[in-house]
Amino acid sequence: MTDPASNMQDALRAAGAQAAHIGDLWNGTLALCTFVFVAIVVATIVAVWCAPRADAATRPDTSSLSGPEHRIWRRIGWATAAAIAGLLVLLAGDVFTSRALARLPLRDAVDIELVGHQWWWEARYRDADVSREFTTANELTIPVGRPVIVTLRASDVIHSLWVPSLSGKKDLIPGRTATLRLRADRAGTYRGQCAEFCGLEHALMALLVHAVPPADFEAWAANQRQPAREPVDAAARRGREVFLATSCTMCHTITGTTAQARLGPDLTHLASRQTIAAGMFPNNRGHLAGWIGDPQALKPGVNMPANTLPPDDLQALLAYLETLR
Amino acid sequence: MRTIVVLACVAALAGCEREQRPKHAPPPASGLTGPSYPTRAVAQAENRYEENAWAVSQGKTWYRAYNCNGCHAQGGGDIGPALMDAKWRYGADPASIYATIAYGRPNGMPAFAGRVPEDQIWQLVAYVRSLSGQLPSSIAPSRNDSISAGKPEARRSKEKVRPEPPSNPGELR
Amino acid sequence: MSAPQQNRDAGKDALRRGAALDVGHMPTFAFGTRSPMWWGTMGLVAIESTVFALTVMTYFYLRSHASVWPMSRFPPDLLWGTANTAILLASMWPNQMAKKAAERLDLAGVRLWMVVCMLFSLAFLAVRAFEFGALNTRWDSDAYGSVVWMLLGLHTTHLVTDAWDSLVLTVLMFTGPLEGKRYVDVSENAGYWYFVVLSWLPIYAVIYWGARF
Amino acid sequence: MTVSDPRHAQYADPADSAGAAALERTWRDPPGIVGWFSAINHKTISKRFMVTTMVFFLLGGVLALLIRLQLAQPNADIIGPDMYNQVFTMHGSTMMFLFAVPVMQAVATYLVPLMIGARSLAFPRLNAYAYWIFTMGGIMLYAAFLLNAGPDAGWFAYVPLSGPQYSPGKRVDFWAQMITFTELSGLMEAIVLITTILKLRAPGMSLNRMPLYVWAMLVTSFMVLFAMPAVMLASTALITDRLVGTHFYNPAEGGDALLWQHLFWFFGHPEVYLIFIPPLGFISAIVATFARRPVVGYPAMILALVTTAFLAFGLWVHHMFATNLPELGKTFFTAASLVIAVPSAVQIFCWIATLGSGRINFKTPLLFVLAFFFILVMGGLTGLMLASVSLDTQLHDSFFVVAHLHYVLLGGAVFPLFGAFYYWFPKFTGRLLDERLGRWNFWLFFIGFNVAFFPMHVLGLWGMPRRVYTYPAEMGWGDLNLVASLGAATIAVSVLLFLFNVARTLRHGAMAGPDPWGAGTLEWSVASPPPAGNFEVIPVVHGRYPLWQPQAEPTHVTGMSNEWREVLVTTVADAEPDHRMWLPMPSIWPFLSALATTVLFVGSIFTPWAIVWGSVPVGIAATWWFWPKRSVVQERVRTEVPP
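Protein chains in written order, with numbering that gives the first Met the number 0: chain A, 0 to 324; chain B, 0 to 172; chain C, 0 to 212; chain D, 0 to 642.
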């Protein structure tokens with residue numbers, strides 16, 4: 000299980016077609032702007048360095064008030080023309096890049112509907128056949144090489160989906176629907192974060208995108224479509240009783256059980272995810288226990304309440320949650 | 000100029016309490032737990048959440064999230080009784096409402112103790128009291144980003160509470 | 000004589016006495032664009048017309064997003080709004096008279112017409128109260144109600160402040176102390192009144208007819 | 000070190016003549032506590048305004064240090080998320096609304112009358128009222144912040160987070176009401192400045208002889224008139240949404256979340272140019288004086304200012320490139336955002352040409368201006384990067400934007416502002432700020448700034464979003480954040496050095512005569528600090544740099560009363576004398592009207608009825624403010640001349 004450190008959240012190391020286009024534009028713009036910056040700074044230094052020194056008593060030279068200074072004017076004219084030419088180059092670069100971004104081929108794209116909540120992501124993999132649709136949270140798995148159309152909707156405030164290694168960001172705005180088209184060209188795990196300030200835990204609202212070969216994607220999707228497995232050993236079965244008896248069922252869904260609430264993330268395949276709490280903590284028994292016991296300690300202000308379970312119930316619940324592959 | 004600032008501080012000290020967000024979830028307002036609690040509260044438990052605007056707005060979130068509006072509508076009443084009027088069958092004080100939510104009432108009010116965590120029940124209690132204008136307008140929630148259900152709680156005038164004897168369990172009204 | 004022509008003559012009035020420019024005998028108050036008060040009022044007019052323009056743009060922005068407009072069932076009744084428009088347009092007449100009287104420094108004329116102006120302001124403030132009732136929507140019913148109440152509310156604020164300004168000025172013209180500058184104030188007040196009336200015309204069209212087309 | 004120039008003696012030294020003593024009595028502020036609150040002399044109000052805005056600058060700076068302390072290390076827990084959200088919102092709101100725009104107007108209310116040869120601003124009482132309203136707005140916001148009710152939805156408070164459902168309590172209401180205070184003050188200052196510049200110029204100062212700084216303030220003030228109403232409408236709609244349940248921003252009832260962004264940024268982008276254009280005026284004044292020659296291309300500079308002003312209204316959607324607006328529309332705003340770089344480029348080329356063809360007097364004001372060429376140019380170029388839609392989708396709302404905005408705001412406004420303080424401090428106080436301390440202050444500021452904000456470009460590209468109270472350790476952002484925090488500490492040291500320099504100079508700095516820098520504009524023709532009535536005799540202007548050009552006949556104006564606050568009103572285009580006007584006397588009523596307005600505004604946060612019963616005291620106070628005093632009127636009628 001790769002730890003989050005190797006995740007790439009870097010706009011300069013593109014792993015997707017869209018980020019690559021923008022990366023090219025970035026390199027060109029950076030070069031042009033650096034040249035212009037150096038030119039102006041050098042011009043200023045030369046102008047100030049070569050001019051003779053003076054002090055407050057030096058008689059001011061007011062010759063320019065009588066007649067226009069043609070020589071200086073010609074230089075300023077050329078400099079302005081060069082500036083305008085540079086701006087046109089930038090404009091052209093932007094227009095061509097936008098066209099390239101818009102022309103991403105979308106044949107047999109994966110259709111994901113992403114809903115932003117206050118401080119986690121709900122993802123629903125759509126399909127022509129509704130029975131093949133499934134819901135997951137905070138982590139997306141996408142096939143390498145196949146385009147992905149992400150339909151963005153917000154359920155409360157404005158969020159913004161930004162996975163720098165794959166593509167630019169797009170806002171999720173309540174009352175509006177946006178779409179983001181991207182494609183992963185290299186396998187790997189790419190990390191993204193909410194980029195529009197959305198309240199107390201805006202900083203800890205991350206999203207992992209696993210780009211996997213198409214065959215692995217199909218296997219993963221097939222597994223996601225299955226309801227939760229029946230727990231075999233006694234501890235897991237007791238854990239399920241605890242889950243269904245306490246407040247977990249008020250917010251979470253585990254398909255295959257009576258828990259069907261959609262306030263919190265879908266936990267049907269919780270154990271198949273690398274992280275918990277919107278990509279913030281590794282998904283192991285220790286963090287899970289700490290999170291269930293007192294989520295406010297890890298993410299103050301989050302809507303999940305503290306659960307004061309007796310220790311053996313908690314251990315049983317953890318055992319059950321770990322069976323939800 | 001200084002007097003204005005001092006006055007502002009003193010008058011607005013309530014502001015600190017009103018605006019407090021959770022560093023950690025504050026412990027439940029009072030120790031009223033356990034099923035053996037009598038149906039009509041004797042002790043007037045004081046719900047600290049009623050001075051905290053953030054907690055009352057959380058109560059409004061749970062009211063919709065746990066489908067209280069399924070029976071009580073937006074407080075106007077449907078299958079369940081209206082919550083925004085002055086008639087209270089089981090007591091209008093926080094402790095009685097806590098008991099109603101936690102341990103249920105005859106004629107269909109389910110018991111949520113164990114399902115809904117305790118501090119969320121206290122937030123619901125604070126919100127339910129704001130439905131009938133019991134809370135000051137600076138604390139009661141304003142409108143939601145949803146279809147408008149009449150006046151926001153902050154703009155409602157305070158209902159004069161008239162206790163109503165509980166109907167006999169099982170009696171068809 | 001047009002204002003620019005006046006300026007040129009005034010400039011020549013300043014007598015040159017050797018190294019100095021003597022302005023001791025020049026007038027101590029002036030009407031129209033010559034007076035700083037005109038520029039202050041025009042600044043205010045620029046600000047408020049921008050607020051009105053942006054609110055009208057908000058109206059059409061929200062309307063472009065709505066599937067059905069007006070979102071409440073009925074558009075505003077035309078009676079009170081149209082009546083008020085007539086009263087407001089008519090109120091420009093006493094204002095013009097007051098402005099002319101002020102520029103003639105005719106105190107009796109100013110007093111008469113300012114009182115007539117005050118009667119008009121009472122009339123349209125009263126009618127405006129009925130207009131709010133005839134909007135057929137509450138401010139908190141939907142976005143349509145909100146923007147219509149905002150438009151009418153903003154204009155009403157101007158009616159109230161303008162009525163109060165004119166009342167204070169009218170009382171001052173009767174009780175004194177009076178000086179030349181007060182006539183300039185009457186003239187500028189009339190100018191601001193024109194703005195309040197003329198800015199009502201597009202708002203009237205938007206509130207009353209915007210919901211009908 | 001005063002410049003021995005015969006022409007100064009004639010105006011500069013009023014001490015001995017009787018007329019000057021009469022003028023001093025006429026224009027000075029009334030004594031006593033009530034007198035302190037009744038003062039309307041433009042220099043008194045302006046000094047208070049400058050001190051108040053600098054206090055807010057220091058408060059904003061402390062908040063910035065708190066932010067950098069929290070972000071110095073990953074997973075730090077120095078301040079929790081709730082306090083951090085309040086701190087960064089207060090930092091943004093303080094710097095943008097309580098410091099940047101008002102300080103430019105504060106400096107202008109001091110300098111504009113002096114530079115155009117006038118004895119006062121056009122509406123002195125309105126100027127005092129605007130100052131009081133601004134101060135009370137700032138006090139209200141910080142009182143709310145100290146009572147844990149500081150705004151926490153960001154300095155541009157996007158709806159629906161700042162809406163009634165997701166911002167319970169009164170926090171965002173205090174923010175929205177602070178907008179009402181500061182924009183009301185800004186709009187009134189704009190009216191005062193426009194009327195002063197157009198109607199009170201000294202005879203002979205036609206529009207093409209006005210100093211470039213006065214042009215910059217005129218352009219800025221006109222922009223204020225058309226920009227600020229947008230945010231007043233937006234914040235009023237937000238307050239009604241939050242308090243009385245209107246639905247401007249409620250998507251479920253016909254409202255729209257992007258309506259707020261359109262209205263706010265239609266004001267927001269012109270606002271950053273309101274902050275940027277006055278410093279262009281500072282730079283023109285400083286470059287001319289320290290290059291010992293007039294600025295190259297006077298008409299080009301003015302056209303550039305006006306073009307920037309118009310274009311500024313046409314590019315607000317580049318703040319909304321990440322939303323789902325149509326792509327073609329966004330490309331139009333990309334083009335507009337690129338074109339606005341041209342007028343600024345022309346100005347920079349003109350200044351470089353002026354420096355190149357002049358003789359350089361290396362003093363601290365010029366150092367701060369030279370920093371502009373380094374920092375603002377880099378900020379402008381990163382701005383061009385953000386202007387492109389596709390690049391912006393990677394850079395928007397990341398730390399790259401934090402770096403860009405600080406480069407343009409500090410490089411474009413704060414550095415020239417410090418240069419302006421060093422340049423005009425002798426005129427304000429009569430003492431020269433110490434050069435050695437000034438250089439230390441400059442270099443610490445320059446180095447600290449670049450160390451603090453350049454790494455943020457890289458952090459932004461590495462995917463660090465904006466406004467995060469912490470970040471995981473394994474993201475690799477810790478080191479650059481630590482460097483940025485050290486840079487911020489260096490800036491703090493340099494600002495402390497500036498305060499020390501000011502404090503030391505006030506007590507025993509070198510005495511500066513009327514014209515320590517040998518400058519060319521009118522404010523250097525009067526004593527430092529100027530007498531209460533500014534000019535003993537109002538000068539007649541014959542050129543763009545009156546003190547540099549040979550004197551011509553007539554030299555000054557006579558016939559103005561020294562016993563009454565009389566000013567000469569001149570025509571707009573050619574500044575020919577038009578008529579004399581008496582300005583109002585000092586009065587307590589502007590302060591009381593501001594107090595009544597504050598009660599109305601703060602009351603309306605808690606109940607809408609406050610607008611009704613609150614407007615009665617405001618109406619009464621305004622009427623007393625307007626009502627003429629019988630004794631003064633009788634005196635005026637005696638010497639009245641009809642048009």
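The hints are simulated quantities; they were obtained by calculation from the structure and are not laboratory data. Here the structure is a predicted model, which is why all the values come from computation and not from measurement. The C-beta atom is built at its ideal place from N, Cα and C for all residues, glycine as well. Be aware that one or more of the hints could be misleading.
As the list claims (entries may be wrong) - One-sided and incomplete, this derived list gives chain D residues near chain A with beta-carbon spacing under 10 Å: (1) Gly267; (2) Cys349; (3) Pro471; (4) Asp514.
Unchecked claim - Within a straight-line C-alpha distance of at most 30 Å, the following computed DSSO-like cross-link-like pairs (lysine-lysine) qualify: (5) B:Lys150 to B:Lys86; (6) B:Lys86 to B:Lys157; (7) D:Lys628 to C:Lys99; (8) D:Lys46 to D:Lys628; (9) C:Lys99 to C:Lys180; (10) D:Lys628 to C:Lys180.
Stated by the list, open to error - Calculated Cβ distances over 10 Å to all of chain C for the following chain D residues: (11) Arg24; (12) Pro29; (13) Leu186; (14) Ala189; (15) Tyr297; (16) Thr306; (17) Arg438; (18) Val457; (19) Thr554; (20) Ala595; (21) Thr606; (22) Gly613; (23) Trp626.
- Is D:Trp626 truly not at the interface, in the sense that its beta carbon sits beyond 10 Å from all beta carbons of chain C? 7 Å, violated
- Grab the minimum C-beta distance from D:Gly267 to chain A and call the hint holds if it beats 10 Å, violated otherwise. 15 Å, violated
- With 10 Å as the threshold, tell me whether D:Ala189 passes as away from chain C on beta-carbon distances. At roughly 7 Å from the nearest Cβ of chain C, D:Ala189 sits no farther out than 10 Å, so the non-interface label is violated.
- Item | Straight-line alpha-carbon gap C:Lys99 to C:Lys180, limit 30 Å | Holds, at roughly 15 Å.
- Keeping to a limit of 30 Å between CA atoms, is the pair of D:Lys46 and D:Lys628 held or broken? OK: D:Lys46 and D:Lys628 at ~28 Å, within 30 Å.
- Task: Please confirm whether D:Tyr297 is truly not at the interface, meaning its C-beta sits more than 10 Å away from all C-beta atoms of chain C.
- Result: Its Cβ never comes within 10 Å of chain C, the nearest being 24 Å, so this holds.
- Task: Classify the label on D:Arg24 as holds or violated, using whether its beta-carbon is more than 10 Å from each beta-carbon of chain C.
- Result: For D:Arg24, whose nearest Cβ neighbour in chain C is about 20 Å away, the distance exceeds 10 Å, so it holds.
- Task: May I ask you to check that D:Thr554 keeps its beta-carbon over 10 Å from the closest beta-carbon of chain C?
- Result: Given that some Cβ of chain C is not farther than 10 Å from that of D:Thr554, nearest at about 5 Å, it is violated.
- Mind verifying the non-interface call on D:Thr606? Its CB should be farther than 10 Å from each CB in chain C. For D:Thr606, whose nearest Cβ neighbour in chain C is about 16 Å away, the distance exceeds 10 Å, so it holds.
- 30 Å limit on alpha-carbon distance, applied to hinted pair B:Lys86 and B:Lys157: 13 Å, holds
- Satisfaction of hint between B:Lys86 and B:Lys150, Cα-Cα up to 30 Å: 19 Å, holds
- Beyond 10 Å from every chain C Cβ - status for D:Leu186: Label violated. Min Cβ-Cβ 6 Å, cutoff 10 Å.
Checked against the numbered hints listed earlier, the structure breaks hints 1, 13, 14, 19, 23; every other hint is satisfied.
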